[in-house]
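There are 2 protein chains.
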Amino acid sequence: MNLILLAPEEIHHDRLACLRDPRRLRHLKEVHRARVGDVLTLGVAGGGIGRGELTLLSDDEARFTFDGLDTPPPPPLPVHLVLALPRPRMLARSLEHVTAMGVKQVTLLHTRRVEKSYWQSPELDPVKIHEHLVLGLEQARDTVMPEVNLAKGFRPFIDERLPELLTQRRGLLAHPGMPQACPTGLTEPVTLLIGPEGGFIPYEVERMLEAGCEGIHLGPRILRVETAVVALLARLF
Amino acid sequence: MNLILLAPEEIHHDRLACLRDPRRLRHLKEVHRARVGDVLTLGVAGGGIGRGELTLLSDDEARFTFDGLDTPPPPPLPVHLVLALPRPRMLARSLEHVTAMGVKQVTLLHTRRVEKSYWQSPELDPVKIHEHLVLGLEQARDTVMPEVNLAKGFRPFIDERLPELLTQRRGLLAHPGMPQACPTGLTEPVTLLIGPEGGFIPYEVERMLEAGCEGIHLGPRILRVETAVVALLARLF
Numbered sequence: 001m002n003l004i005l006l007a008p009e010e011i012h013h014d015r016l017a018c019l020r021d022p023r024r025l026r027h028l029k030e031v032h033r034a035r036v037g038d039v040l041t042l043g044v045a046g047g048g049i050g051r052g053e054l055t056l057l058s059d060d061e062a063r064f065t066f067d068g069l070d071t072p073p074p075p076p077l078p079v080h081l082v083l084a085l086p087r088p089r090m091l092a093r094s095l096e097h098v099t100a101m102g103v104k105q106v107t108l109l110h111t112r113r114v115e116k117s118y119w120q121s122p123e124l125d126p127v128k129i130h131e132h133l134v135l136g137l138e139q140a141r142d143t144v145m146p147e148v149n150l151a152k153g154f155r156p157f158i159d160e161r162l163p164e165l166l167t168q169r170r171g172l173l174a175h176p177g178m179p180q181a182c183p184t185g186l187t188e189p190v191t192l193l194i195g196p197e198g199g200f201i202p203y204e205v206e207r208m209l210e211a212g213c214e215g216i217h218l219g220p221r222i223l224r225v226e227t228a229v230v231a232l233l234a235r236l237f
Numbered sequence: 238m239n240l241i242l243l244a245p246e247e248i249h250h251d252r253l254a255c256l257r258d259p260r261r262l263r264h265l266k267e268v269h270r271a272r273v274g275d276v277l278t279l280g281v282a283g284g285g286i287g288r289g290e291l292t293l294l295s296d297d298e299a300r301f302t303f304d305g306l307d308t309p310p311p312p313p314l315p316v317h318l319v320l321a322l323p324r325p326r327m328l329a330r331s332l333e334h335v336t337a338m339g340v341k342q343v344t345l346l347h348t349r350r351v352e353k354s355y356w357q358s359p360e361l362d363p364v365k366i367h368e369h370l371v372l373g374l375e376q377a378r379d380t381v382m383p384e385v386n387l388a389k390g391f392r393p394f395i396d397e398r399l400p401e402l403l404t405q406r407r408g409l410l411a412h413p414g415m416p417q418a419c420p421t422g423l424t425e426p427v428t429l430l431i432g433p434e435g436g437f438i439p440y441e442v443e444r445m446l447e448a449g450c451e452g453i454h455l456g457p458r459i460l461r462v463e464t465a466v467v468a469l470l471a472r473l474f
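Listed in order, the protein sequences are those of chains A and B. In terms of the numbering used here, the numbers along the first sequence are unbroken and rise by one, the last being 237. In terms of the numbering used here, the numbers along the second sequence are unbroken and rise by one, the last being 474.
FYI, nobody ran anything at the bench for these hints, they're computed from the structure. Take these hints with a grain of salt, some might be off.
Computed, partial: chain A to chain B, Cβ under 10 Å [stated by the list, open to error]: (1) Pro74; (2) Pro78; (3) Glu96; (4) Gln139; (5) Asp159; (6) Arg221; (7) Leu223.
What the simulated footprint calls covered on chain B by chain A, stretch by stretch (three residues with Cβ under 8 Å from a Cβ of chain A suffice, anywhere in the stretch; the number is not a length) [claimed, not checked]: (8) 332-345; (9) 369-381.
The following label-pair restraints were derived from C-beta to C-beta distances [what the hints assert, rightly or not]: (10) A/Tyr203 to B/Ile438: 52 to 60 Å; (11) B/Asp258 to A/Ala211: 38 to 46 Å; (12) A/Pro163 to B/Arg270: 32 to 40 Å; (13) A/Gly48 to B/Arg270: 48 to 56 Å.
C-beta atoms are modelled at their ideal positions from N, C-alpha and C, and glycine is treated no differently.
From just these sequences and the hints, can you work out the full model?
Right, here's the structure in full:
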C-alpha cells in the first residue's frame, strides 16, 4: 500500500479523511507501523494524489489531514487487454500486475482451452475483482480504477466486440510462433490479445488475424500467462 | 510442463528415458492426460531437446523412446540478476519467472529492508530452490539450470563480489527516482540489481553507484518485486 486510496465519501471539507475498514487499518498498523504525526501518500478514487498527516489511529478509525490532493495520477497505458480467462489464482495475480502497470481496460475472454469451471470461480465476483484492482492501484500509487468486462463466448466476442475494439486501435495477438517479434516503444492505442495456458487453438488464431490483428511473439520461450502479460506490456510501451 | 526435463541418468542407450518420480508422473497423467503413443517434448539437463514417444505409463514409471535430443535449448539472457531477498512466496514465484525468461545467474542479497527472518525460510533450502528452477525450465522448454548464490551481508557483497560482477558487465541499478529510464534492446552482458519491497536505502544506492552502477527507473509506478523483475528483463533484452 504505497498509496492510501480513499473513496470520495471518506473525504470531508477537502482536508480531512476518515477511514474505518479493517483491511486498511490493519495495513497501517502492521505494515506501515504508522504513528500519529506520520505523513503518508493519499489519493482519491478517480482523482488526485497528495500527502496527508495521520492525526488519529484507533482500533476502528484512522484520520488524516491534508492540504490538497492535486498531483495527477501516473499516466495510463493506451491498451485494452483481452485476456483468456486464467485459472483463479493466476487471474488474481494478473489483475494486480496489470493494474499496477497502468492497464485501464480488461476483457476476460472464453476460449477453447479455458476450463469452463473457471467461470464459476469466486474470484470473478465483482467484489473480489475490485479488491485485486484496489491492491494494484495502491501498489502503483494510481487512483483510476480499471474496467473489467467478461466475454463468455468466443464467437460473439469476435463478431460483435472485436471489430469495435480494433476501431482506431492496433490489434496485437500475442501467440507463440507468430511471425513478428513483439514491437517496442509504442505510443498509439493497442488492443492486446493473450491466450490461455496451452494457447489459442488454430481456429481462434485464424479468426483474430482475419479480424485485422497482427500476430506477435516473445521468442522461443513459452511463458506462463502472468509472466507473459507483464513482459508484453513492458516491451510494448 | 512444456518440456519433460530428464536427468542424464534417466536416459539409457541414447534412445530410451525412464522416469519414476511422483511429480512428473502425476503431471503427465493429470495435466497432459498422456497416453501411450503420445509424442511429447523432452530435454536433458544441461543439454539438447527433442520429441519422444510415450511407450509405457504405469503407477510408478513412464518410458519414452526418442531418436535424438539434439535441438539446442533457447538462448540465455546475458544477465547476472542480483535480487534483494524477497519474502518467501514472492521468492518462489520470482525464481520461476526469471528462470523461464532465461536468467542463468542469480544472487540473492541481504539489504537493510530485507527482513532477517526471510533468511530462515524453508524456501531457501537448495532442494526447494532447485524445484522452482526446474518448474521455470519446464515452462520455458529450457534445459540449462541457473546458478543461485546467497549474499547474506551487504557490505561484503559490495566490497568483494560486486567489483567482479562489474568486470566486463554493465551494472544497472533499478530504483525508483533514478535519472535514467530503463534502456531497451541490450545485447551486452549486464549485472542487474533490484531492491526489496520498500527499496534500497540511500546509503545502499550510493555505494552501488560509487561501484560503477548506472541508476535506472521504470517510470512513476512502484511495482512489486515480482512484477518489476519481469518488466525490467523484458525491456532490457
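**OP:** May I ask you to test the hint 52 to 60 Å on the CB atoms belonging to A/Tyr203 and B/Ile438?
**Re:** 54 Å Cβ-Cβ, so the 52 to 60 Å window holds.
**OP:** So, A/Gln139 near chain B? Judge it on the closest CB pair being under 10 Å.
**Re:** It holds, given that the least Cβ distance between A/Gln139 and chain B is near 6 Å, below 10 Å.
Original post:
Given A/Leu223 as an interface hint, is the shortest Cβ-Cβ distance to chain B below 10 Å?
Top reply: holds, 5 Å
**OP:** Quick one: see if chain A covers the region 332-345 of chain B, three-plus residues with Cβ-Cβ under 8 Å.
**Re:** holds (count 5)
Subject >> Closest C-beta approach of A/Asp159 to chain B relative to 10 Å, hint status >> reply: Violated: closest Cβ of chain B sits about 32 Å from A/Asp159, beyond 10 Å.
**OP:** State, for the Cβ atoms of A/Pro163 and B/Arg270, whether the hinted interval 32 to 40 Å holds or is violated.
**Re:** At roughly 36 Å between Cβ atoms, B/Arg270 and A/Pro163 fall inside 32 to 40 Å, so the hint holds.
**OP:** Check whether three or more residues of the region 369-381 of chain B sit with their beta carbon closer than 8 Å to a beta carbon of chain A.
**Re:** holds (count 4)
Subject >> chain B contact restraint for A/Arg221 - C-beta distance below 10 Å >> reply: holds, 4 Å
Original post:
Regarding the hint that A/Glu96 lies at the interface with chain B, is the smallest CB-CB distance below 10 Å?
Top reply: Hint holds; A/Glu96 Cβ to chain B Cβ min 8 Å, cut 10 Å.
**OP:** Grab the minimum C-beta distance from A/Pro74 to chain B and call the hint holds if it beats 10 Å, violated otherwise.
**Re:** Interface hint status for A/Pro74: holds (4 Å vs cutoff 10 Å).
Original post:
Quick one: are A/Gly48 and B/Arg270 within 48 to 56 Å, going by C-beta?
Top reply: holds, 53 Å
Subject >> Hint check: 10 Å Cβ-Cβ cutoff, A/Pro78 to chain B >> reply: With a closest approach of 14 Å, the A/Pro78 hint is violated.
When the structure is compared with the earlier hints, violations turn up for hints 2 and 5 and for no others.
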